[in-house]
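Assemble chain B onto chain A, guided by the hints.
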Amino acid sequence: MTASGSGFPTPGLFVSMPEDSSAAATAPDRHSGDEPACSTAIQLTVNGEDSILVVDHRTTLLDALRETLELTGAKKGCDQGQCGACTVIVNGRRIVSCLSLAVMHDGDSILTIEGIGDPQALHPMQSAFLRYDGYQCGFCTPGQICSAIAMLDEMRAGVPSGATSEIAAPPRLIAAEIRERMSGNICRCGAYSNIVDAVIDVAGGSA
Amino acid sequence: MKAFSYERVQSPVEAVAAHRHRPAARYIAGGTNLIDLMKLEIETPTHLIDINDAGLDGIEDMPDGSIRIGALVSNTDLASDQRIRTHYPIVARSILAGASGQLRNMATVGGNLMQRTRCPYFYDLNLPCNKRNPGTGCSAMGGYSRTHAIVGIGSCICAFLGDMSVALRLLDAVVEVMRPDGAIRTVPIGNFHKAPGHGEVIDEFALETGELIVAVLLPAPLSGSFAYHKVRDRASFAFALVSVAVVLFADGSGRVALGGVGTKPWRSEEGDAALTLGAKAASEALLTNALPTEHNRYKVELTERAMAAALEDAQRVEQ
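Protein chains in written order, with my numbering: chain A, 1 to 207; chain B, 1001 to 1319.
Chain A extracted, bound-state conformation (with noise of 0.2 Å):
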């Protein structure tokens, strides 16, 4: 496999995409401090699959994802952090895969729409998607599932928002709840209420 990266917006982010793990070895020793290398191999599990890449260290997480590993389901909204549109799971967390670089994830286990379900076996909360039409455009959508099913996950271990009335006491599933925690996910189209509604229904409660 080559590195499939024509009309990248900034230049030469992947060297190669070696065949095998021993090209590995050839790759710059991440730990050679006087060495000015600006690549280093690193291993990634994407949904489950473990691939060993050499990426220029200016490569984000968000571009490895897309360009080199071709999972174009998280995607390029902002770059900035203000979108959500890049949210993928992170070794159990959401977070946006645009502000972080992609060498400092060697090891990690990454969770990105692909590995969530796919038309034959919908993830149930891509089936609340579609059955309260929790989209229009469909842009933001990978990252509102991704950012929905990681944050049922923050409540259910207790992780407070803004909107959480008591600090100190477990957090309530209302939607003032889902509205502040998905605050990071913006859609343009405007499906918020809906997106509300298929979450709250995934977690169990009643919209």
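Hints listed in this document are in silico derivations from the structure and should not be mistaken for laboratory results. Heads up, a few of these hints could be off.
No more than 27 Å apart at the CA atoms, straight line, and that leaves these computed lysine-lysine pairs for BS3-like [what the hints assert, rightly or not]:
| no. | chain 1 | residue 1 | chain 2 | residue 2 |
| --- | --- | --- | --- | --- |
| 1 | A | K76 | B | K1194 |
| 2 | B | K1002 | A | K76 |
| 3 | B | K1039 | B | K1002 |
| 4 | B | K1194 | B | K1039 |
For chain B alone, coordinates are given in the frame of chain A:
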């Protein structure tokens, strides 16, 4: 983005050693601010030192009743910690008032302290900015300055827009810093962020080149009632126009700190002392030397109103 070399270190001592001969290096943890600035080439490090494995992610109870928060504790983990929620609710509240769920999962305590200004002129490389290019001038002065500071201004009028630091200022937190030689020194939070002064070079933080934040110390819990009131342009995921952190004690005295109005988290002895007289007196005391522009004059009145709301909240909740 400019090319850079990269290494991942396993301890703070290794981190400062890696920085020692590379003044143009940067530490990276969550990356939520630094990577954004690197994309724009406002930050152009030649070497990145990834400190995520440096073992600074614990929250420890100290023998003197204080609590020591590792610099790499994520914003989410800090706001979720039961000790913080119970004994330092203002810390949890302030963190949860900022950013988004995704960003709080990534951002760390140390990085939160170090976040740079959000001034649009700082972000626009085509325009003069003393903070970005010392000596070029301040485009916000005479420009559009609705979000900018009204106190503590000098050759820069960027407002400090962070939330957590305002709560830390209220609590008199202490920042623990490792020097390049591995020795530890402490900086009171009130001295950590610097007002710009009137010189050409603007020092934003009380850190020397290569120094690394390793922890934040919260003094033993205060018994009082707390509130954090933030006013912004939308209900969530926006920077403060004005934010107010207050604590009220049983004897009627209290403390108050402001975000969004000063060039650093804003608190004064006069402001604390005037708090017993109410929001009007305290906000006047805090904003004594205010120099608002035509665009941000509203912040004077908004501070008083936000403080009144915060005082009302504190009288009602979270004993």
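We went through each hint and held it up to the structure:
no.: 1; hint: A:K76 x B:K1194; in the structure: violated (36 Å)
no.: 2; hint: B:K1002 x A:K76; in the structure: holds (20 Å)
no.: 3; hint: B:K1039 x B:K1002; in the structure: holds (8 Å)
no.: 4; hint: B:K1194 x B:K1039; in the structure: holds (26 Å)
In terms of the numbered hints stated before, the structure departs from hint 1 and from no other.
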